[in-house]
Every structure is written in C-alpha cells, then in structure tokens.
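2 protein chains.
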Amino acid sequence: MLKYFEYEQNSLTLSWADGRVTRLDVLWLQDHDPAGRHDNGQRLISVLDLDWQAGIRAVDRQGGSLVICLTNGRELTFTLEHLAAEQMTTIQDDRSWRGKTLWRGEAFTLPDVSWPDYTGHDDIRCRALAAVAESGLVLLRDVPCEPGQVLEVIHTFGYVRETNYGRLFDVKTVVSPSNLAFSNLGLGPHTDNPYRDPVPGVQLLHCLSNEVDGGENLLVDGFQAAARLQAEHPEAFELLTRIRLPYRFIDEKADLRSRVPFIETDGAGNVLKVRYNNRSIAPFMLPFEEQRAFYQAYRLWAETLSAPDLAFTCRLEPGDCLIFDNTRIMHARTAFTDGGRRHLQGAYSDLDGLYSTLYRLGASAC
Amino acid sequence: MLKYFEYEQNSLTLSWADGRVTRLDVLWLQDHDPAGRHDNGQRLISVLDLDWQAGIRAVDRQGGSLVICLTNGRELTFTLEHLAAEQMTTIQDDRSWRGKTLWRGEAFTLPDVSWPDYTGHDDIRCRALAAVAESGLVLLRDVPCEPGQVLEVIHTFGYVRETNYGRLFDVKTVVSPSNLAFSNLGLGPHTDNPYRDPVPGVQLLHCLSNEVDGGENLLVDGFQAAARLQAEHPEAFELLTRIRLPYRFIDEKADLRSRVPFIETDGAGNVLKVRYNNRSIAPFMLPFEEQRAFYQAYRLWAETLSAPDLAFTCRLEPGDCLIFDNTRIMHARTAFTDGGRRHLQGAYSDLDGLYSTLYRLGASAC
Numbered sequence: 001m002l003k004y005f006e007y008e009q010n011s012l013t014l015s016w017a018d019g020r021v022t023r024l025d026v027l028w029l030q031d032h033d034p035a036g037r038h039d040n041g042q043r044l045i046s047v048l049d050l051d052w053q054a055g056i057r058a059v060d061r062q063g064g065s066l067v068i069c070l071t072n073g074r075e076l077t078f079t080l081e082h083l084a085a086e087q088m089t090t091i092q093d094d095r096s097w098r099g100k101t102l103w104r105g106e107a108f109t110l111p112d113v114s115w116p117d118y119t120g121h122d123d124i125r126c127r128a129l130a131a132v133a134e135s136g137l138v139l140l141r142d143v144p145c146e147p148g149q150v151l152e153v154i155h156t157f158g159y160v161r162e163t164n165y166g167r168l169f170d171v172k173t174v175v176s177p178s179n180l181a182f183s184n185l186g187l188g189p190h191t192d193n194p195y196r197d198p199v200p201g202v203q204l205l206h207c208l209s210n211e212v213d214g215g216e217n218l219l220v221d222g223f224q225a226a227a228r229l230q231a232e233h234p235e236a237f238e239l240l241t242r243i244r245l246p247y248r249f250i251d252e253k254a255d256l257r258s259r260v261p262f263i264e265t266d267g268a269g270n271v272l273k274v275r276y277n278n279r280s281i282a283p284f285m286l287p288f289e290e291q292r293a294f295y296q297a298y299r300l301w302a303e304t305l306s307a308p309d310l311a312f313t314c315r316l317e318p319g320d321c322l323i324f325d326n327t328r329i330m331h332a333r334t335a336f337t338d339g340g341r342r343h344l345q346g347a348y349s350d351l352d353g354l355y356s357t358l359y360r361l362g363a364s365a366c
Numbered sequence: 001m002l003k004y005f006e007y008e009q010n011s012l013t014l015s016w017a018d019g020r021v022t023r024l025d026v027l028w029l030q031d032h033d034p035a036g037r038h039d040n041g042q043r044l045i046s047v048l049d050l051d052w053q054a055g056i057r058a059v060d061r062q063g064g065s066l067v068i069c070l071t072n073g074r075e076l077t078f079t080l081e082h083l084a085a086e087q088m089t090t091i092q093d094d095r096s097w098r099g100k101t102l103w104r105g106e107a108f109t110l111p112d113v114s115w116p117d118y119t120g121h122d123d124i125r126c127r128a129l130a131a132v133a134e135s136g137l138v139l140l141r142d143v144p145c146e147p148g149q150v151l152e153v154i155h156t157f158g159y160v161r162e163t164n165y166g167r168l169f170d171v172k173t174v175v176s177p178s179n180l181a182f183s184n185l186g187l188g189p190h191t192d193n194p195y196r197d198p199v200p201g202v203q204l205l206h207c208l209s210n211e212v213d214g215g216e217n218l219l220v221d222g223f224q225a226a227a228r229l230q231a232e233h234p235e236a237f238e239l240l241t242r243i244r245l246p247y248r249f250i251d252e253k254a255d256l257r258s259r260v261p262f263i264e265t266d267g268a269g270n271v272l273k274v275r276y277n278n279r280s281i282a283p284f285m286l287p288f289e290e291q292r293a294f295y296q297a298y299r300l301w302a303e304t305l306s307a308p309d310l311a312f313t314c315r316l317e318p319g320d321c322l323i324f325d326n327t328r329i330m331h332a333r334t335a336f337t338d339g340g341r342r343h344l345q346g347a348y349s350d351l352d353g354l355y356s357t358l359y360r361l362g363a364s365a366c
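Top line first, the protein sequences correspond to chains A and B.
Taken in order, the first sequence gives residues 1 to 366; the numbers are from the numbering used here.
Taken in order, the second sequence gives residues 1 to 366; the numbers are from the numbering used here.
This is chain A alone, in the form it adopts within the complex (with noise of 0.2 Å):
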C-alpha cells in the first residue's frame, strides 16, 4: 500500500505503508518503463535510449497506478502493484551462502526421497530440488540399478554435462589410474574437477552395487567450513578468497586448466562457491613473502573442512543417487578392500538447470 509519494526533477519517493521507502532516480524510472518490454519481459530499449535531459514535471496517481510526466513530453505508466514489488523482484542471490540452510554433520538428516515419489508427483521433486537449493544435497532412493540411470535423474532437473569422462563415469576400482579416484585410495575431503572452468555445478552418484568392505561416504558443507574460517581466521579467509591456484587434469586425451581461488565471493564478501582437492593442485609460484602465509590459511582451509563435528558420514546402498552441488559439498570416501564389488555411475550437470526446474515448479508449492 502506497502511503504517500514525493518527487524532485530527477527522483521519485514513495512511502508505503509498512514503513519502506523506495527512492528512484528518473534514470532508473526510464529504464523500468514497462513499455519499454517485449511481452516477453525482455528489455526493448537500451540505456542509450535514456534521456539524461529528462526530468519529472508532475506524478499523478491513477487508481492503481502512478502516471509520471517527464519533462521531455513522455509519460510513464507503473501499477502500484509494481512498483510495490519492484523492491522485492530484484532477483534473489540463490547461489551466495546468503538464505542458505548451513549444516554440521553431527546435527544434520540428509534430505531423501524414494525415485517413485520423486518422478511421479511435482511437488515432491520440487521439494527434492529445494533441499539442493536450501543444503546442498538430496539423495534418491529405489533409483533403478540400471546403468546409465544417472543420466535419467538428470532428465528430470536439467542437462548433462558432457565431459573428458563421457556423459556418465564409472567409479570403480581400476589398475594404474590417470584419476585416483578410480583407485581404491581414501580420498579427502573434495569438490570434483576444480580444473574445469566452468566447474560442474551439479554431480550425481548413482550406487549400482556396494560390497566392500569401507568405501563409505563423508559430505561436508563446504559454505559452513567457509563461515567456521571466517569467524575463527578471518584473515586467512581473506587471503584464499584472493589467492588463485592453478589446476591441472591431464590424460592422453585432455588436459584441462584452470585459476581458480579456494573461496569464491561476489565482492561484497558473501561465498559463492568453494573448492578443495589437493590431487589437483598444479605445481604454482607465488612471491616468497607470500609463501608461508598462504600455507597457513591453506592448512587452516584443510583442518576445518576435516572438523569431526562438520562430516555427515552415509554409506551409498544400491539404489542410492546422491544429487549434490559441487560448487559447495565436499565429498570424501574411506579406503575400501579391493574384496567385492563397488560400482558407483557418476554424472555432472548444471545449477542453473537445476534452479530453473525448481522455479518453474514452483518453490512456494514446495
């Protein structure tokens, strides 16, 4: 509800009615003109179709909208209804740390849901999707043990994310590898493939069959590693948000490249993506004096990300499809015996896909 509105030359103020004021510059007011959009919301004009001689010369309030008379001989039409909204419309930050849900492994349920659910009812796949979104991660249950079953789940949010590996990978224990992760090594704490720029947003593991002995799963939120780093070394978080790495993968076939920091932040301090894989890290050069301090935030990056009270442990049972972001989870797998069968199909997509599907569902029907 618009309570009341005062203008300038070059501003418009509106106070409504729960106390919000919204100040607009008659460049921002041009800009937003609703006529000046397809109807398919996309923007018709460009800023250098602004009029930077064009003041207001008189707002009046039409029912439900406001009609602003610029000095130019143009009119502009909002609905209060807009203008209302406008504040709020700005789209929301859904990648930063900002509104997400940040999790300890010790005090934390993974969010699960069985495959029948999920593929036959809208809201809850939705709500699958929203934990993605909200924690990092949802794990499928009953997903058929069929090979190439991974690539259907991502059928269902998105686009698969062709890679060096294939559309799909398989995990399985193979002698001399050119990625350790096909070994039967422990691996650490990790987010996959931080040498490919763009990173996947988005990895499936699918369970085919588990029936080693070990091989289980730890997932560490990775933004609630960043916030621990923050509040306890905020100058170390400081220096990995700054510092960029190079990451290397090579094979016969690829050899992929990137410079990339640890903490990823958008400039107004808010964590967009983290990163951790020692494997990975190629040979790098930084100036001495550097050197050490950097080691010690490094250390310090390590030592959170293995805190005992931050790793949720599961063991992945045939059926299982564990959906996590990559650009946040980090994932880590005990050693196993190289006695029985373990095959896990693995597979990358998108979070933009991802979040599309969610929006277009319908978060609020979640």
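These aren't lab readings, by the way, just hints derived from the structure by calculation.
Heads up, some of the hints might be wrong.
What the hints assert, rightly or not - Keeping only pairs whose Cα atoms sit at most 20 Å apart, straight-line, the calculated SDA-like set for lysine to any residue is:
id, chain 1, residue 1, chain 2, residue 2
1, B, K253, A, G362
2, B, K172, A, N40
3, A, K253, B, D123
4, A, K172, B, H38
5, A, K172, B, Q42
6, A, K172, A, E146
7, B, K253, A, T156
8, B, K172, B, A130
9, A, K3, A, G64
10, B, K253, A, H121
11, A, K253, B, C145
12, B, K253, A, Y159
13, A, K253, B, Y159
14, A, K253, B, D39
15, A, K253, B, T156
16, A, K253, B, R360
17, A, K253, B, G362
18, A, K172, B, R360
19, B, K253, A, Q42
20, A, K253, B, H38
21, A, K253, B, Y359
22, B, K172, A, D39
23, B, K253, A, G64
24, B, K253, A, A130
25, B, K253, A, K253
26, A, K253, B, T357
Assemble chain B onto chain A, guided by the hints.
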C-alpha cells in the same frame, strides 16, 4: 642453468644464470616434492601432511639434481630442470585479457580456415583454435550446409552444452518469439545468455542460408572495449566490475536467473569475462545514491561497445560457421527484411574443452 644456491632454515634461494632468483619456503618444497605425486601427476599428499617443524639441514647438488635434507630426516630430490621450469610451469592464465591480442574492427582481419583443411590437418585445427584463444574467434568456411552440422563442428574441439534451447537452436524469424533473437529486429552488441550461470563460454553460428537484405553481423572485442573504458573512465570501469545485476529469461519451460557484473575481473585487475545484454537485465534495485553513477557507467559501457572503430562487420554466407568466445566477443546484427530466407543454426560449448584440445594439439606446433 643454476649459478648458485643458498639456504636458511626455512628457505632455499636459487640464483639462475639468466639473473632470475627463485626463493622457496620449506613448506613449498615439501608440498612440491616430486615423490609426493602419483605417476599421473596428481598430488598424493595433503597440506596436512606437511611438517611445520621441519627446517632445511643441508642442500646437496648431485649431478642434475638438488637433494634437500630436512631436519626431520626426510630428503626431497628435485631435478634442476624441474626447479628451473617451476617458475614457468605455473599455469598460464589463459582466460584473462593478459596475453591476448586485443583488436579493433577497423584494423582487423577475421581469422578463417576452410572446413576440409580444418578437419584434415591437426596443425590447421590447432591454429584455428589458437585464434579463438588469442583473438576470441575464428571463421570456418565451407562447412557442409546440413542441419545439425554445427554439432559436428563442436565435436572437433569439445562438448555440446545442451540448454533449454536444445542441443542446437535455429535462428529464423518466428512470430511472437519468446526471445527477440528469433525476430527480424536488429540486435545491438551483446553476449549470449548472461542469465545462465555458468554462461556458455563458446558460441557457434552456422549459416545455412542468407537471402535477406541486411542481417549482417557485427563483432566487437569486448576485452578491447573494457580496456578502453578502463583507460578513459576508470571509475566507471571499477563500478561495473563491482555491481552485480540480475538477469532473467523466462518462458513456459525455463526460468533462468543469474546475478553477475558487466565486467568480471580476477581481483588483480585482469578482466576475465565481459557481458552486455540489455534485453535480459531483470528489474533491479540499487541504493538511490548509486543509481545515477551506475547509469552513467552503464551508458559509457554501451557507448564504448558501440564505437564505430571497434566493430568488425561481416555477412555470414551459407557454409560459414563462426566460433567465438562468448565471455569476450560481443555480437550484433542489423535488422533484415522479412523477404528471403535466413537460417542460422547456433549451439553452445565451453571454453575448457576448447583449450584442452588446443593444448593437446600442442600450441607450439601451431
């Protein structure tokens, strides 16, 4: 050639014959120990395995190697060749504008190569991909005018980024399009899909027919434009690296949202990515005090991108396939008459695949 070395408890200093000096912390030495890497190049040790108490007890030159004895009894052996290369092997920053050849359209020759040469000769393919790395684009000629062929082009260097537009999309005139690209309107200089995060790094446009009047393509080096903006209006440049705008694309199937700056830098001031797309900037709100300064900077960016000397004009003819870096190159097209046929097929891919192929082909052989 190593001239001499000296060491203290916590550091080793190498003086090379060419005058370079490399100073390495003992932590760096432990972390870069060649024995700590798997045969595949992946690091086996974690930062948590480093010994913070260990100092350097002795350094011994043995033939082509340096053997570094630590106070904890460990020995690290580096070949001199390895150490000499270390400075250089810090992976090149291949995405930022450093090392690129920035161009202005009025003095630019579009790198081009014929499809038979490209597919038949690795060195020619390498040169073509190197042109994308260096100048941001390459034109393939004589690509068969078959629908879907654009995907075959992608398969020569990377992977298709499938989106809600499909694996490929047709650019033809459509009545009441959900995206203005599919109309016959002119389009100002823009990058594609700023509402997608990650943004597709590579775009392809393959011309199958072009019988209309108009419909010419304009190409602008966005890195050059950013360099000019920085030189002429540093405060505007700075503002545009800092303010993240919301972008959105919405239709019946998709609701894509992002929040990104016009100019993305690496924190050291090197430009990594540029964007411009007036059509898909969503309604946004800034503090009143910032609105006018922002619009000023935004206008300067738009004006710079429209500078006549920056634009390179070309007309895609049937068989032409343009490959360009969508994080750098702006494209535009003039309006065209409804009369004849104009049919392009476009598709997206990612830069990491393209660079990987370029490296594997051996950039030096180009």
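**OP:** Could you check the structure against the hints above and give me the numbers of any it violates, in ascending order?
**Re:** Hints 8, 11, 18, 23, 25 contradicted; others consistent.
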